[in-house]
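A.B. asks: Respectively, the protein sequence lines represent chains C and G.
Under the working numbering, the final residue of the first sequence carries the number 113; numbering is consecutive throughout.
Under the working numbering, the final residue of the second sequence carries the number 112; numbering is consecutive throughout.
If you are wondering where the hints come from, they were derived from the structure by calculation, not from laboratory data.
A couple of the hints might just be wrong.
[Stated by the list, open to error] Straight-line Cα separation of at most 25 Å, DSS-like style, residue types lysine-lysine; simulated pairs:
no. : chain 1 : residue 1 : chain 2 : residue 2
1   : C       : Lys57     : G       : Lys69
2   : G       : Lys57     : G       : Lys69
3   : C       : Lys70     : C       : Lys57
4   : C       : Lys11     : G       : Lys42
5   : G       : Lys59     : G       : Lys42
6   : G       : Lys57     : G       : Lys79
[Said to hold, decoys possible] Partial list, computed: chain C residues near chain G (C-beta under 7 Å):
no. : residue
7   : Pro39
8   : Leu43
9   : Tyr48
10  : Tyr50
11  : Asp54
12  : Tyr64
13  : Thr101
14  : Gly105
Even for Gly, the Cβ is constructed at its ideal location relative to N, Cα and C.
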Amino acid sequence: DAGITQSPRHKVTETGTPVTLRCHQTENHRYMYWYRQDPGHGLRLIHYSYGVKDTDKGEVSDGYSVSRSKTEDFLLTLESATSSQTSVYFCAISDRGETDTQYFGPGTRLTVL
Amino acid sequence: EDQVTQSPEALRLQEGESSSLNCSYTVSGLRGLFWYRQDPGKGPEFLFTLYSAGEEKEKERLKATLTKKESFLHITAPKPEDSATYLCAVQAYSNSGYALNFGKGTSLLVTP
């Protein structure tokens with residue numbers, strides 16, 4: 001596996017609570033991505049980062065924010081979790097973001113009750 | 001709008017029974033087409049990248065091919081350990097941050 005870890009791996013929370021998911025890489029790759037995976041949908045991009053403090057929105061960014069204060073860490077925050085955000089969240093990294101490969105982390109399963 | 005459609009949704013094969021998975025796409029300006037394998041409860045694992053029509057890549061029992069409208073993942077003499085979901089994704093020049101647009105996947109089951 002590429003050096004990507006995600007924490008927590010599983011989380012159950014209640015509607016309206018804030019949640020932060022962490023992605024940590026040891027590859028020193030410039031690009032980092034957050035995707036969500038739901039039954040009946042392909043993986044969908046939430047946010048991505050192209051450098052420290054440089055982030056942008058993806059296809060399904062509403063209700064999510066991100067931060068990247070260090071090359072190795074990319075945080076995804078649900079400010080006020082809703083049941084529609086129950087999903088499996090994957091972090092991916094890419095060294096140049098062009099046609100270079102994206103490598104995925106093991107995922108975080110989030111359940112919002 | 002970019003679209004990626006994978007077929008069939010599910011495929012059951014006997015061990016040794018070769019077959020192909022299809023990924024059809026519409027994209028304005030293809031940078032690359034990616035194949036991943038995903039096992040239950042795990043993240044996608046990279047298999048291949050194809051960049052231009054006519055390109056082919058192989059890895060063990062898998063061979064990926066690309067045309068201007070679709071890609072095929074050929075599985076030759078599959079084994080039970082090839083059982084997984086296979087994901088296809090395209091990367092377009094217009095994609096923000098070079099993000100990938102994924103299909104919904106093909107779930108492959110290979111029985112002994």
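A.B. asks: Indicate, hint by hint, whether the structure satisfies it.
C.D. replies: Against the structure, the hints:
With a C-alpha separation of about 28 Å, the suggested pairing of C/Lys57 with G/Lys69 is violated against the 25 Å cut-off. For the proposed pair G/Lys57 and G/Lys69, the alpha carbon gap of about 17 Å is at most 25 Å, so the pair holds. This hinted pair checks out: C/Lys70 and C/Lys57 have alpha carbons roughly 19 Å apart, not beyond 25 Å. Restraint check for C/Lys11 and G/Lys42: the C-alpha separation of about 16 Å stays at or below 25 Å, so the hint holds.
Taking the CA atoms of G/Lys59 and G/Lys42, the gap is near 21 Å; set against the 25 Å cutoff, the hint holds. About 19 Å separates the Cα atoms of G/Lys57 and G/Lys79, which keeps this hinted pair within 25 Å; it holds. The beta carbon of C/Pro39 comes no nearer than 9 Å to any beta carbon in chain G, farther than 7 Å, and the hint placing it at the interface is violated. Hint status for C/Leu43 relative to chain G: holds, with the closest Cβ pair at about 4 Å, below 7 Å.
Proximity of C/Tyr48 to chain G holds as hinted, the smallest CB-CB distance being about 4 Å (cut-off 7 Å). Interface restraint check for C/Tyr50: the shortest CB-CB distance to chain G comes to about 6 Å, inside 7 Å, so the restraint holds. Of the supplied interface hints, the one on C/Asp54 is violated, with its beta-carbon coming no nearer than about 10 Å to a beta-carbon of chain G, more than 7 Å. Residue-level restraint check for C/Tyr64 is violated (minimum Cβ-Cβ distance to chain G is 15 Å; threshold 7 Å).
A hinted interface residue such as C/Thr101 counts as satisfied when its beta carbon comes closer than 7 Å to some beta carbon of chain G; here the least separation is about 5 Å, so the hint holds. Because the beta carbon of C/Gly105 sits about 5 Å from the nearest beta carbon in chain G, less than 7 Å, this interface hint is met.
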